[in-house]
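There are 2 protein chains.
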Amino acid sequence: MNTQEAHPAAQQQASPKLKHAHHLVAEQMREVEATLRELPELHPPELRAAVLNVVSAGGKRIRPTLTLLIAGMLNCLHDRRVIDLASAVEMLHTATLVHDDLIDGSLMRRGTQTLNAIWTPAATVLTGDYLFAYAANLAARTDIPRVISIFADTLSVIVAGELQQQFTDLALRTTRDDYYRRIYNKTASMFVLATTACGVMCAANENQMAALHDYGRDLGIVFQVMDDVLDFTGAQNNLGKPVGSDLRRGLITLPVICYAETHGADDIACALRGECDPQEYDQIVERIRNSDAIALAIREAEGIANNARAVLNVFPPSPWRDALHELVDYTLKRSH
Amino acid sequence: MNTQEAHPAAQQQASPKLKHAHHLVAEQMREVEATLRELPELHPPELRAAVLNVVSAGGKRIRPTLTLLIAGMLNCLHDRRVIDLASAVEMLHTATLVHDDLIDGSLMRRGTQTLNAIWTPAATVLTGDYLFAYAANLAARTDIPRVISIFADTLSVIVAGELQQQFTDLALRTTRDDYYRRIYNKTASMFVLATTACGVMCAANENQMAALHDYGRDLGIVFQVMDDVLDFTGAQNNLGKPVGSDLRRGLITLPVICYAETHGADDIACALRGECDPQEYDQIVERIRNSDAIALAIREAEGIANNARAVLNVFPPSPWRDALHELVDYTLKRSH
Numbered sequence: 001m002n003t004q005e006a007h008p009a010a011q012q013q014a015s016p017k018l019k020h021a022h023h024l025v026a027e028q029m030r031e032v033e034a035t036l037r038e039l040p041e042l043h044p045p046e047l048r049a050a051v052l053n054v055v056s057a058g059g060k061r062i063r064p065t066l067t068l069l070i071a072g073m074l075n076c077l078h079d080r081r082v083i084d085l086a087s088a089v090e091m092l093h094t095a096t097l098v099h100d101d102l103i104d105g106s107l108m109r110r111g112t113q114t115l116n117a118i119w120t121p122a123a124t125v126l127t128g129d130y131l132f133a134y135a136a137n138l139a140a141r142t143d144i145p146r147v148i149s150i151f152a153d154t155l156s157v158i159v160a161g162e163l164q165q166q167f168t169d170l171a172l173r174t175t176r177d178d179y180y181r182r183i184y185n186k187t188a189s190m191f192v193l194a195t196t197a198c199g200v201m202c203a204a205n206e207n208q209m210a211a212l213h214d215y216g217r218d219l220g221i222v223f224q225v226m227d228d229v230l231d232f233t234g235a236q237n238n239l240g241k242p243v244g245s246d247l248r249r250g251l252i253t254l255p256v257i258c259y260a261e262t263h264g265a266d267d268i269a270c271a272l273r274g275e276c277d278p279q280e281y282d283q284i285v286e287r288i289r290n291s292d293a294i295a296l297a298i299r300e301a302e303g304i305a306n307n308a309r310a311v312l313n314v315f316p317p318s319p320w321r322d323a324l325h326e327l328v329d330y331t332l333k334r335s336h
Numbered sequence: 001m002n003t004q005e006a007h008p009a010a011q012q013q014a015s016p017k018l019k020h021a022h023h024l025v026a027e028q029m030r031e032v033e034a035t036l037r038e039l040p041e042l043h044p045p046e047l048r049a050a051v052l053n054v055v056s057a058g059g060k061r062i063r064p065t066l067t068l069l070i071a072g073m074l075n076c077l078h079d080r081r082v083i084d085l086a087s088a089v090e091m092l093h094t095a096t097l098v099h100d101d102l103i104d105g106s107l108m109r110r111g112t113q114t115l116n117a118i119w120t121p122a123a124t125v126l127t128g129d130y131l132f133a134y135a136a137n138l139a140a141r142t143d144i145p146r147v148i149s150i151f152a153d154t155l156s157v158i159v160a161g162e163l164q165q166q167f168t169d170l171a172l173r174t175t176r177d178d179y180y181r182r183i184y185n186k187t188a189s190m191f192v193l194a195t196t197a198c199g200v201m202c203a204a205n206e207n208q209m210a211a212l213h214d215y216g217r218d219l220g221i222v223f224q225v226m227d228d229v230l231d232f233t234g235a236q237n238n239l240g241k242p243v244g245s246d247l248r249r250g251l252i253t254l255p256v257i258c259y260a261e262t263h264g265a266d267d268i269a270c271a272l273r274g275e276c277d278p279q280e281y282d283q284i285v286e287r288i289r290n291s292d293a294i295a296l297a298i299r300e301a302e303g304i305a306n307n308a309r310a311v312l313n314v315f316p317p318s319p320w321r322d323a324l325h326e327l328v329d330y331t332l333k334r335s336h
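Chains U and S, in that order, give the protein sequences. Residues 1 to 336 (the working numbering) make up the first sequence, in order. Residues 1 to 336 (the working numbering) make up the second sequence, in order.
The set of hints was computed from the structure by calculation and includes no laboratory data. Treat the hints with care, as some may be off.
Unchecked claim - Listed next, with one range per pair, are the computed distances between beta-carbon atoms: (1) E33(S) - H43(U): 49 to 59 Å; (2) R80(U) - L52(S): 18 to 28 Å; (3) D143(U) - E33(S): 47 to 57 Å; (4) K17(U) - L52(S): 43 to 53 Å; (5) E27(S) - D329(U): 30 to 40 Å; (6) D277(S) - F167(U): 49 to 59 Å; (7) S56(U) - T262(S): 25 to 35 Å; (8) R110(S) - D178(U): 32 to 42 Å.
By construction, the Cβ of each residue, glycine as well, lies at the ideal position given by its N, Cα and C atoms.
Chain U on its own, in the form it takes in the complex (with noise of 0.2 Å):
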């Protein structure tokens, strides 16, 4: 098994804490654990504790801790529709991680196994369906509209932007542009779903609508190119799955996208096909580990962190305001 050791970009600094963004929403991220672990309508009790399981495995709760903070920063915190809000995006997320690892075949995810891993196919793809279920259920319990065609409208655009992706040439998929628009459905349209969401529920203004969907877009954005970088230089300790995973199942990221620019297409020719042999792929995987295209990619990735930052300029200054920008660090930091 490779045990491959971490990028030196990833040594040089252990991955930062979200100290004070946890402190200051550590009681409301208590009542979404709660309502996570609700799981209406579900029996046997062997069956609910499995699913119970993939709920709790967790991971980071980026997406209800970003949505507790904005409603902080705009002083509905204590409003109870925050946590369903807060929940629900998290659930909605968690079912599209469900169907994902059945559709790639992960049989790990955050160091354990996946669902799809122990289970059938059908069991599989019904308890993601329950999830969505259970996520609809708590956008509906806000009981509000807007909130809850916004739930609608984003799954829509994952979902499709996922199908799309099943029918469409892989060499057409090695530009930027293209790029940027696979990894705003995939990941940024559900940070920009968490802040316009709340700024819905907490009566932000035009202004601040604005602010709240650029800065969602643009930190959902940094999450994955950093991702997406993470893929390439991480310690597969870290990873839970082999370094540059993406690029071996044939995902184009920008760190691929970088090198081919830099280096010319040549020498990775076979893996912008998807079709390079397991050898081919280690070493084509390893020369761009060790190139510039990393650290071109995250230039680009701060740059785009910069703006993040720069919008919450709308706001007054506030703890939840620099908490915010304690997420944008984290995200461009974090080492897994």
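Following the hints, position chain S against chain U.
Coordinates of chain S only, in the frame set by chain U:
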């Protein structure tokens, strides 16, 4: 290929038409059809065409017809939101069919190939998800939070029911109670969604709401019982699948339960355990098909149909109420 003739019970009469009902809501059904075909966010054109095909394959459109008739009876058929509601119900139904066919490995539905017969499982899962998202989008367009939560709760009931089935021993699935619970979850819950969501939208009073609930439940149950009867009595040409296909894949339905009650379980024991060989299944299906179990199951459906008709007495006589009676007759007498 088995081209078994229709059961005598099914041949006795031509399948009744929903003439009166269809005439009353013809204009609105055209709007529903147009709404179903909108499919936002879906590119490229080939993908859109393929998904449109699934949505258009259509079937009987019994759920939107039901929704529109209830709206007519409650005097709010000309509210645009009724079109969105009727479309949302049909879209949710279609989405569940896409995942159901994948899970069951069904290759044909309504005489045409299923998505999973022509696409990868990945694309089929995503198409179902996309249709869920569109159903949620349509439900949200009604702008009534309570309607949206009825949608979300119904999807929870349907999916949790199916999921539970995946985790329960076949041997526990042979009681009448269990059967009725299953068909409520799987089928009748969506009829209840149609009637009660429409009641909420049209501001029905408490008494009327109770009647709408019971009518939806009983109509849905009759619909599913007759579907299960037709699985034994129908001609294969009409069914688009082998006669007795439910039993062959381990689904115990009312005709089987009636047979076991009247004749004992001994000569169908392997089917109750889900472990006959194909020839034994042929014999057992033939045995049930030619027994009094069919008439007993139909008689049970007739009793429930009478309840459905009776609860409509809460409403004053009207062409709409007549059409809802016609819907019960149709459900009971249809031959496919």
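That 18 to 28 Å hint for R80(U) and L52(S) (C-beta), does it hold up? About 41 Å separates the Cβ atoms of R80(U) and L52(S), which means 18 to 28 Å is violated.
Okay, D143(U) versus E33(S) on CB: inside 47 to 57 Å? violated (31 Å)
Looking only at beta-carbon atoms, does the pair R110(S), D178(U) fall within the given range of 32 to 42 Å? holds (37 Å)
When you take the CB atoms of D277(S) and F167(U), is the distance between them in 49 to 59 Å? violated (41 Å)
Return holds or violated for the Cβ distance of K17(U) and L52(S) against the range 43 to 53 Å. For L52(S) against K17(U), whose Cβ atoms are near 49 Å apart, the range 43 to 53 Å holds.
Holds or violated: the 25 to 35 Å window for the beta-carbon distance between S56(U) and T262(S)? violated (49 Å)
Given the hint of 49 to 59 Å, is the C-beta distance from E33(S) to H43(U) inside that range or not? For H43(U) against E33(S), whose Cβ atoms are near 38 Å apart, the range 49 to 59 Å is violated.
How does the Cβ-Cβ distance of E27(S) and D329(U) compare with 30 to 40 Å: does it lie in that range? violated (58 Å)
Of the numbered hints listed earlier, those contradicted by the structure are 1, 2, 3, 5, 6 and 7.
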